[in-house]
Every structure is written in structure tokens, then in C-alpha cells.
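**Q** Okay, here's what each chain looks like letter by letter:
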Amino acid sequence: ETGVTQSPTHLIKTRGQQVTLRCSSQSGHNTVSWYQQALGQGPQFIFQYYREEENGRGNFPPRFSGLQFPNYSSELNVNALELDDSALYLCASSQLIAGTYEQYFGPGTRLTVT
Amino acid sequence: GENVEQHPSTLSVQEGDSAVIKCTYSDSASNYFPWYKQELGKRPQLIIDIRSNVGEKKDQRIAVTLNKTAKHFSLHITETQPEDSAVYFCAARATGFQKLVFGTGTRLLVSP
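Respectively, the protein sequence lines represent chains A and B. With the working numbering applied, the first sequence corresponds to residues 1 to 114, in that order. With the working numbering applied, the second sequence corresponds to residues 1 to 112, in that order.
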């Protein structure tokens, strides 16, 4: 198992509400990426944080936002929830190995929007 | 942007057989290709990866091959075991980016 943790494990929200998901990266990892994994699909890149700043973003609207803290933990915030936001949200922390960042995933947060 | 296609979507084999999963990518700048195994309800687990400066990498029963000219890479699992049953995802990443682009996944079922 990796040292990446996420909370909560499961969450049920109503359309229009806001949600905050949390991720603690593996020790020594200063980069955190967030992915959305819909049922039966591969993870889709939302954005990445490096040293507390956003360092790349996928095709997600601005109501998806994030933060990274000095200890490299991170939050994903989603405003105005829609039914299609129901998915597994994964964070991955990165370690530089031989010039490449290998990404290790946390267990995910299962978000259900009703 | 990068696009990764993965085949087959489902693969059923008998225990002891070999399994091969193939992926193609579109961005010639991609230089890092990891493979993840995801068991039901669990996190994707990095099982092997390959960088563009090598053509093949092995780790016990699993191997990955890369053909940069054709822009495709493959996962090979030999002597499959029931515990290999899972969904396998390939991914690609371009130089200077941290974003992984994933394939659509292959559900591998190994029957005893």
C-alpha cells in the first residue's frame, strides 16, 4: 500500500451543494494530482499542485478548485454539484525518480450526488 | 492533446496462460508509460512502467514493451494466476507535464 491517504471514504451530497475532499501525500512527495474516475472508465486528470501552486489543469470547469498546504496535503473543492460529478475521486502524489515522476494513488473518495 | 486507446476491453484466460494488453498513444512527445492494476473497489496500483529510452522492461511475470515508431506499448503477463484478475489501465505522459492520460481499461479474468 502507498502512504497516500484520502478522506472521507464515501460521501453523499445533493445537487447544488458543495464538497471538500482531502488528501495527504506520501512522505517526501511535493506534488499532488487529482483525478476523477467515473464508473467503468479510466481516471481523468483534474489538476495538479506543486509547492502550493496549481501546475496544470485538465478539462474541468472552474467550479472544481483545489489547494495545497505547506505540508503538501491537498484539498479538492467542487461547487454547485451536478449529478455527473458522481465518481471516485483519486489523488496521486509524485516522487521524482530518474527524472520522471511516478504517481502513487490514494484509496479514493466515492462521491454520490443525488 | 494526448489520446490513449486500449484493447481489448475484456480478456478472459485460463490460469497459466499468458495475457497481452495493447495501448496506442497519439502524442509523439510522450515519454513515460505506466501500467496500473485496479482491483474492485481499490486504488489503481502502479505495477510497472517504461520510459521512452528503453524498448522493454521485465519484472518477474510481467513485462512491458514499447514501440516508439508505431506509438504503441503492451503489457505482457505470463503464467497468469487468479489473483491477476483486475482491471488494468495503461497511461502516457508527455515531457514537461505531470498529467497522466489513461486508457479505457482492460478487465482481465483469470479462471482456475
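Hints are computed from structural coordinates only; laboratory data are not their basis. We treat Cβ as the ideally placed atom computed from N, Cα and C, and that holds for glycine. Do not rely on the hints blindly, as some may be mistaken.
[Said to hold, decoys possible] FRET-style restraints, in silico, Cβ to Cβ: (1) Pro82(B) - Thr5(A): 35 to 43 Å; (2) Asn3(B) - Gln17(A): 47 to 55 Å; (3) Thr20(A) - Leu109(B): 18 to 26 Å; (4) Arg51(B) - Glu52(A): 23 to 31 Å; (5) Asn79(A) - Val20(B): 30 to 38 Å; (6) Asn79(A) - Glu56(B): 43 to 51 Å; (7) Gln14(B) - Thr20(A): 41 to 49 Å; (8) Asn77(A) - Gly1(B): 22 to 30 Å; (9) Arg57(A) - Pro82(B): 35 to 43 Å; (10) Ser28(B) - Leu83(A): 45 to 53 Å; (11) Gly41(B) - Glu102(A): 33 to 41 Å; (12) Asn79(A) - Ser12(B): 41 to 49 Å; (13) Glu15(B) - Asn59(A): 39 to 47 Å; (14) Leu67(A) - Glu15(B): 25 to 33 Å.
**Q** Compare the structure with each hint and give your call.
**A** Okay, the hints, checked on the actual structure:
Checking the proposed 35 to 43 Å range against Pro82(B) and Thr5(A) shows it is violated: the Cβ atoms sit about 29 Å from each other. In this structure the supplied range 47 to 55 Å is violated for Asn3(B) paired with Gln17(A), their Cβ-Cβ distance being about 33 Å. Judged by the Cβ atoms, the range 18 to 26 Å given for Thr20(A) and Leu109(B) is violated: they are separated by roughly 37 Å. A beta carbon spacing of about 28 Å between Arg51(B) and Glu52(A) agrees with the range 23 to 31 Å that was offered as a hint.
Between Asn79(A) and Val20(B) the beta carbons are some 44 Å apart, a value that contradicts the proposed interval 30 to 38 Å. Take Asn79(A) and Glu56(B): their Cβ atoms lie about 46 Å apart, and the range 43 to 51 Å holds. Between Gln14(B) and Thr20(A) the C-beta distance comes to about 47 Å, which sits within the given range of 41 to 49 Å. The given range of 22 to 30 Å is respected by Asn77(A) and Gly1(B), whose C-beta atoms sit roughly 25 Å from each other.
Checked against the hint of 35 to 43 Å, the C-beta distance between Arg57(A) and Pro82(B) comes to roughly 40 Å, which is consistent with it. Separation of Ser28(B) from Leu83(A) is about 38 Å and departs from the stated range, judged on CB atoms against 45 to 53 Å. The supplied range of 33 to 41 Å is broken by Gly41(B) and Glu102(A), whose beta-carbon atoms lie about 23 Å from each other. Take Asn79(A) and Ser12(B): their Cβ atoms lie about 43 Å apart, and the range 41 to 49 Å holds.
Range check, Glu15(B) to Asn59(A): Cβ separation about 41 Å, and the 39 to 47 Å hint holds. Hint check: Leu67(A) to Glu15(B), Cβ distance near 47 Å, so the stated range 25 to 33 Å is violated.
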